[in-house]
Amino acid sequence: MTATENKTLTVAIVGNPNAGKTTLFNALTGSRQKVGNYPGVTVEQVSGSLKLPSQPVHCIDIPGLYSLTAVSEDEKIAISAIKGQIAGHAKPDLLICVLDASNLERNLFLYSQIAELEIPMVVALTMVDRVQRKQLTLDTHRLSELLGADVVEVVGHKEKGIDALKKVVDQNLEVKRNPKIQLLETSPDLSKIDQLQERLARIGEDIHRADLLQMLQEPDSAVERYAQDFPEIADEFKEASAYVRSLDQQSRELTTQDRYAWSNMVATQAVTKSPHPPKRSLTDKIDALLINRFWGFLIFLGIMYLVFQSIYTFAGPVMDWIEGLFGSLGEWASPKLESNPTLQSLVVDGIIGGVGGMLVFLPQILILFFFIAVLEGTGYLARAAFMMDRLFGWCGLNGRAFIPLLSSFACAIPGVMAARVMPDPKARLATILVAPLMSCSARLPVYLLLIGVFVEPKFGPTWAGVALFAMHMVGLVISIPIVWVLNRKLLKSKRLPFLLELPPYQWPKWKDVGLAMFVRGRVFVKTAGTIIVAMSILIWAASYFPRSDEAANQTKFEQTWVADGNTAEGEEYEAAQEKYVAEQQLEGSYLGRLGKTIEPAFVPAGFDWRITTSILAAFPAREVVIPSMGIIFSLGGDVDEESSDLRSTMQNATWPDGRPLFTLWTAFGLMIFFALCCQCNATLAAIKRETNSWKWPVFVFVYMTTLAYIVAVIINQVGRLVSG
Amino acid sequence: MPVANGAIMTFSDLKQGMNVRVVSVDSALEECRRLEEMGLTAGTSFRVAKVAPFGDPIEIDLRGYRLCLRKGETTGFVLEKLD
Numbered sequence: 001m002t003a004t005e006n007k008t009l010t011v012a013i014v015g016n017p018n019a020g021k022t023t024l025f026n027a028l029t030g031s032r033q034k035v036g037n038y039p040g041v042t043v044e045q046v047s048g049s050l051k052l053p054s055q056p057v058h059c060i061d062i063p064g065l066y067s068l069t070a071v072s073e074d075e076k077i078a079i080s081a082i083k084g085q086i087a088g089h090a091k092p093d094l095l096i097c098v099l100d101a102s103n104l105e106r107n108l109f110l111y112s113q114i115a116e117l118e119i120p121m122v123v124a125l126t127m128v129d130r131v132q133r134k135q136l137t138l139d140t141h142r143l144s145e146l147l148g149a150d151v152v153e154v155v156g157h158k159e160k161g162i163d164a165l166k167k168v169v170d171q172n173l174e175v176k177r178n179p180k181i182q183l184l185e186t187s188p189d190l191s192k193i194d195q196l197q198e199r200l201a202r203i204g205e206d207i208h209r210a211d212l213l214q215m216l217q218e219p220d221s222a223v224e225r226y227a228q229d230f231p232e233i234a235d236e237f238k239e240a241s242a243y244v245r246s247l248d249q250q251s252r253e254l255t256t257q258d259r260y261a262w263s264n265m266v267a268t269q270a271v272t273k274s275p276h277p278p279k280r281s282l283t284d285k286i287d288a289l290l291i292n293r294f295w296g297f298l299i300f301l302g303i304m305y306l307v308f309q310s311i312y313t314f315a316g317p318v319m320d321w322i323e324g325l326f327g328s329l330g331e332w333a334s335p336k337l338e339s340n341p342t343l344q345s346l347v348v349d350g351i352i353g354g355v356g357g358m359l360v361f362l363p364q365i366l367i368l369f370f371f372i373a374v375l376e377g378t379g380y381l382a383r384a385a386f387m388m389d390r391l392f393g394w395c396g397l398n399g400r401a402f403i404p405l406l407s408s409f410a411c412a413i414p415g416v417m418a419a420r421v422m423p424d425p426k427a428r429l430a431t432i433l434v435a436p437l438m439s440c441s442a443r444l445p446v447y448l449l450l451i452g453v454f455v456e457p458k459f460g461p462t463w464a465g466v467a468l469f470a471m472h473m474v475g476l477v478i479s480i481p482i483v484w485v486l487n488r489k490l491l492k493s494k495r496l497p498f499l500l501e502l503p504p505y506q507w508p509k510w511k512d513v514g515l516a517m518f519v520r521g522r523v524f525v526k527t528a529g530t531i532i533v534a535m536s537i538l539i540w541a542a543s544y545f546p547r548s549d550e551a552a553n554q555t556k557f558e559q560t561w562v563a564d565g566n567t568a569e570g571e572e573y574e575a576a577q578e579k580y581v582a583e584q585q586l587e588g589s590y591l592g593r594l595g596k597t598i599e600p601a602f603v604p605a606g607f608d609w610r611i612t613t614s615i616l617a618a619f620p621a622r623e624v625v626i627p628s629m630g631i632i633f634s635l636g637g638d639v640d641e642e643s644s645d646l647r648s649t650m651q652n653a654t655w656p657d658g659r660p661l662f663t664l665w666t667a668f669g670l671m672i673f674f675a676l677c678c679q680c681n682a683t684l685a686a687i688k689r690e691t692n693s694w695k696w697p698v699f700v701f702v703y704m705t706t707l708a709y710i711v712a713v714i715i716n717q718v719g720r721l722v723s724g
Numbered sequence: 001m002p003v004a005n006g007a008i009m010t011f012s013d014l015k016q017g018m019n020v021r022v023v024s025v026d027s028a029l030e031e032c033r034r035l036e037e038m039g040l041t042a043g044t045s046f047r048v049a050k051v052a053p054f055g056d057p058i059e060i061d062l063r064g065y066r067l068c069l070r071k072g073e074t075t076g077f078v079l080e081k082l083d
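Residue numbers (this note's numbering), protein chains in the order written: chain P, 1 to 724; chain B, 1 to 83.
Chain P extracted, bound-state conformation (with noise of 0.2 Å):
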């Protein structure tokens, strides 16, 4: 490869995770900053640009590593992002290696790996504010000689450092050095490289140490350079050379325990301890409280209820606003596209209610995402993990699984995206799969409609609540043994131990709230808008082609009108005739007709062809279940479950042979089949953009439609040989 002058150099950032890397990743590059995938894998490459004092460069945040020998793929993936072995991504010209100071000993493990990667080399010490309260003193420039490579503190939240890290790492990419440890406990003798220096620079070759040691490793140039004038220095290249690599061979086989014993030893040298620790710590204080048997489990179930009330709270609002625009949008809209109704009814229906009926979900996200960010940034979702651990464990999830699926009782779209909180690849995956399972607040219309026509006018409000409540509970006691299958059967990947690390108490960072929101909201409004968009257009286009005659449906309503004694005018008999034809319309249309077709699969299920249209219609979004319940049971559009026309309707609903459509078991065949069917395109899209694969939405999809169709199935039959 031929290095061009003006190439833009990479610049990766490596360290443990929790060590702050994020935080300082985020002052380095602003909000300059792309979220990616890295090829066929789930781990994210977040990149941005990172402005130095002499020119820009390309800024990579490498996963969280705790060591370089990889276990999971995701893991390797990192490993090899820093070691630029992944196609298409540059090898990183200079790492900045972050090490937390309050938490030297266990950081220094990665760096002694990193340190023989052979990349030139730039530590950025973090949490020194710790060290501090911890009344430990640093002691920078020894560290950084014990490390051979300049070390530069930072306190990435509140720019402090940043400047002079920019500074450094300008420096190192101008010359560049790659660092130097001696790991070995007995510290191996230098001294003969030490005497060759000096010797070269008593011939006027002032060469700095790590580029001798460099030169050391291919010494061939060298010595044949020296061999005429200087034959004793020539030999002494040589021998040098010699000895160093022998060094080098016996590094390649150190152990953890070796590597352990310089990382002590640097720590020990670069950290003072004060004669007077402090007693108990405050965060020690907090947590016998927030951990505790009783209390922790208390607060945590009012913090937890304090976040699914803000959602629902401070969302409806601005999902009512965003609604109202998209109304008012339509309604711009329309009448300026009336000489052609089809490009009218394509922008109205199909692209401004699609794209209107997905962004209704941005304030539920950003709200949830701002709540983790908070939890996360206080240290307190670690404890509730923790916590709960024991409670998720046992089925293969983990106590981290928490969030997402409580998450997904407002919306599977956050709960599938906040399972990233769950390192675990395998129990990430589990936790998406059954995120869609846990009854969203899209489900609730279906539940109040239905609850409402047949169990609370016959049982009274007390059971129709049980009755809510239960419809709430069905998704979660479903999961459990699917999780359990999953993990048995279907994800046979390793399992990697569960650790988990507890922060100290702190103050979450608002600069990274506010860009943890922004960075989700706007993968969230570009993924899943562009594929919601395209099937709302496919299921307008479903439902609007082939066209009906509408003159001759127009005819044949009044001819039917007039023939049963009324007069064809008048209001009544305008807005009768208009769901008449927007009726044999749908009826007509390529979904009326699939439905039609389909009928017979769900008949056993207690489902005529106008409950199965409305279900397919519903699978892009559920929501729209009610107002194509309403346009199939004859009410137009304009419906929702407050109506009591769609109401009284679907009481009065028959079979052609009379006998009543809905029965109590086939509202709760319908209601479970809502509570347990995949309809959702925005959260298969979320679900493929998080496992970065086709195979795992199509899998949920089929996984759970075929659950529905079977649980509705057996209560119908069920319901069948109980009522006779």
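Simulated from the structure, these hints should not be mistaken for lab results. Being a predicted model, the structure only gives us computed values, none of them experimental. Zero decoy hints are in this set.
With beta-carbon atoms standing in for the labels, derived distance ranges:
hint, chain 1, residue 1, chain 2, residue 2, range
1, P, W484, B, L29, 19 to 29 Å
2, P, V318, B, K15, 49 to 59 Å
3, P, G302, B, F54, 12 to 22 Å
4, P, G302, B, L29, 36 to 46 Å
Even for Gly, the Cβ is constructed at its ideal location relative to N, Cα and C.
Here the structure of chain P is known, so what remains is to put chain B in place on it, guided by the hints.
Using the frame of chain P, we list chain B on its own:
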């Protein structure tokens, strides 16, 4: 300086506040290698800082930092109790 009192134990015997030292690690097990890399090498002593409400996981204090792990997943370690 804490001294060993000779009681040999495993992770499942650990209780809140105990001080122990790792006697040996079965490096053939992958999950043990993982924990070694987290600093739990032979000879390391640590204290049980916290125990979750249901008894597992636990938080241990080692090498100047804290780590949570599941007792049930931590087989292959031989520990000795320190006074």
